[in-house]
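Student: Listed below are the residues making up each chain.
4 protein chains.
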Amino acid sequence: MTQELMECGSDFHRRGWSLGTSSNYSVVIERDPLTLLMTGSGFDKGRLRPEQFVMVDEQARLLSPGPLKPSAEALLHTVLARYGAGAVLHTHSVAATVLSEHFLKDGGLRIAGYEMLKGLAGITTHEAEAWIEIYPNTQDIAALATVIEARLQNAANPLRHGFLMAGHGLYTWGCDIAAARRQVEVLEFLFEVVTQKRLLSGAF
Amino acid sequence: MTQELMECGSDFHRRGWSLGTSSNYSVVIERDPLTLLMTGSGFDKGRLRPEQFVMVDEQARLLSPGPLKPSAEALLHTVLARYGAGAVLHTHSVAATVLSEHFLKDGGLRIAGYEMLKGLAGITTHEAEAWIEIYPNTQDIAALATVIEARLQNAANPLRHGFLMAGHGLYTWGCDIAAARRQVEVLEFLFEVVTQKRLLSGAF
Amino acid sequence: MTQELMECGSDFHRRGWSLGTSSNYSVVIERDPLTLLMTGSGFDKGRLRPEQFVMVDEQARLLSPGPLKPSAEALLHTVLARYGAGAVLHTHSVAATVLSEHFLKDGGLRIAGYEMLKGLAGITTHEAEAWIEIYPNTQDIAALATVIEARLQNAANPLRHGFLMAGHGLYTWGCDIAAARRQVEVLEFLFEVVTQKRLLSGAF
Amino acid sequence: MTQELMECGSDFHRRGWSLGTSSNYSVVIERDPLTLLMTGSGFDKGRLRPEQFVMVDEQARLLSPGPLKPSAEALLHTVLARYGAGAVLHTHSVAATVLSEHFLKDGGLRIAGYEMLKGLAGITTHEAEAWIEIYPNTQDIAALATVIEARLQNAANPLRHGFLMAGHGLYTWGCDIAAARRQVEVLEFLFEVVTQKRLLSGAF
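Chains as they are written, first to last, in numbering that gives the first Met the number 0: chain A, 0 to 203; chain B, 0 to 203; chain C, 0 to 203; chain D, 0 to 203.
Hint data in this document are derived by calculation from the structure and do not stem from the laboratory.
Any given hint might turn out to be false.
Copies of the same chain look alike in the list, so a pair counts if it works inside one copy or between any two.
[Stated by the list, open to error] Below, in silico cross-link-like pairs of lysine-lysine (DSS-like), each with a Cα-Cα straight-line distance of 25 Å or less:
| no. | residue 1 | residue 2 |
| --- | --- | --- |
| 1 | Lys196 | Lys117 |
| 2 | Lys117 | Lys68 |
| 3 | Lys104 | Lys196 |
Extracted from the complex, chain A is given alone in its bound form (with noise of 0.2 Å):
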């Protein structure tokens, strides 16, 4: 699953979806106890090495011996793990940078009508909306994940598909790191499809 890993890095980066050394990447390797393995901070992920990873336990603690560390949004990963989440994937592009900035005060952005909604799981028409939540940015990262927990456990209307975190990218998951990465692409496409249809509404 490093490899796996290493992939959707190598190619997010080539997108500019994971420039710098933005980006943290996760999947769950164990259920119980749970445990995660996880990009360490701080790498370029265009070019991630297997001994760049770390192991980390469900408090987002880490495992593996030696000098790395996780990312500090670790908590952010193993609270969606704990909810369900096989793998987590967390990108930074400039339409998720800039859409986000601006629809915070809207606490969101409706996505509606576009066949490519259908790519996002649990989604089968395209007579659908996907309503992707946008959280203010934070460096207290804790406070963020137990809000988003609180999400999670709202039986009547949990969090779906992903969130924003307002001029800093997308969280999203999958049951594996495959039907995580495409929660991404699908997502990033539609970011962009809503900024392109803005951009020409002032000329159409």
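Using the hints provided, position chains B, C and D relative to the given structure of chain A.
Tutor: Just chains B, C and D, lined up with the frame of chain A:
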């Protein structure tokens, strides 16, 4: 021909025209009885493998054994193949999604005066225009296939070049995979030109 | 030199400057008598093979045996070669297509003040300007070649850097393939700069 | 380290940040006496070869024998190295060209509130702002190097992160090649964000 379709997928995925598990591709491998090799449903088009293809007959019924299903849109491929297409490529680009949503009210998109039009089958001068029809998106593919069949039967004014499904993407075809791929590249280029021209029309 | 032109094709196709079967490339392989190696008509520039090139004389007549034809635009290559070009590259980008269509009414596109201009042959300071002439698109290549020849003969004000055909694309050249490729990259970069600047001018 | 700079060139050329023969890159290979390995003048950055690098001293005088010349801008590299940079990367992107031309009147570009800012050396929270100074473009590099040196000596308000030359491109640096490359990726990402945000501001 599996290899050629895998290369289409890899290139189109890289360009952002087949993200998520969107898109499907087919090629006629026998004319009598009509038999198509087609991408199975739900695979990543950027990394197709030979075992992810299926064979279908002229009614899009599965011919190959095993657990794979043809795409829900297989009927569109087979109707195009019955009227002469040797290969059919369906892609989802940002430009095609946005333009098809906007111009649905006009029933199509007129593209005129560009040299690149000469890359479309049957056009030999830039003093030509292409009319790319746009249909409402639907999950009832059988009904759409009937509409497309009627358009293909219209000898006085047949459907040409390709068509768009609104908010969804492009269908185009050619005598073989290379010809169909050329149609995709030419049409996607022209969609970009139309988009850029409109974006600039305010500033010009 | 076949290999170098194949690499141009692969890179330009990847960038979207030579999609479909658009574009043609040539290099002078002998000066006396003038002999050019040139891409044959109708091939995918992203995957050129050695057997897809032809040899032509100074009047663009085919020298190599076999079924291939030179491009319909071969006369533009030979006239440029007769006046000194060692390699000629013709590309079709979205930016060149849109700008050439819009600025045809002015007869050309003025680009001034950018450091990148120093990448063009003969320019040594950014306090320069390039005037890229734009001609109406035509299928009568012989007539256009005559116009271009007259411009190349104009010692007081010779055609420089390259030229655009409206709604069609760029012709540029250099003393060898590397120099011509540099001209393509510099001019396409500058076309993107002009486009972005105009798009932003409303918002600024 | 030649290999690392060749990889920078290949990646930046692919992204369109080092087209033509633009850009130059350097790395400190000895501190006492100060010695830099630097790209020679006039080469394609997408396909650098080991023999296309030169060695220079702290005054940008050529140390290595042979016909190659250091870039005309070598003095900017050496002044940055004398004040601590371990590697200096200079790139020419469309976004940097357009933004630097527009914001020259303000003397710089303020970028605030984005998570990606944390990728810049010395920034640990998104509640930061980066002020990227912009200088008029010039062919008198010695004079600009004197200005930059004065800014680096200003202990109360030193030049940070990088700087732009108007209509020209970005200079940035780091303790080593990987750190400088990170700075390029982060700053180019942020230039894209600023551009997209402004383009959308009319439509929003």
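Student: Now tell me if each hint is right for this structure.
Tutor: Going down the list of hints, with the structure as the test:
1. When the C-alpha separation of Lys196 and Lys117 is checked against a cutoff of 25 Å, the pair qualifies only within one copy, where the shortest distance is 19 Å, while the shortest distance between copies is 28 Å.
2. When the C-alpha separation of Lys117 and Lys68 is checked against a cutoff of 25 Å, the pair qualifies only between copies, where the shortest distance is 17 Å, while the shortest distance within a copy is 37 Å.
3. For the identical chains of this complex, Lys104 and Lys196 are neighbours both inside a copy (20 Å) and across copies (16 Å), given an alpha-carbon limit of 25 Å.
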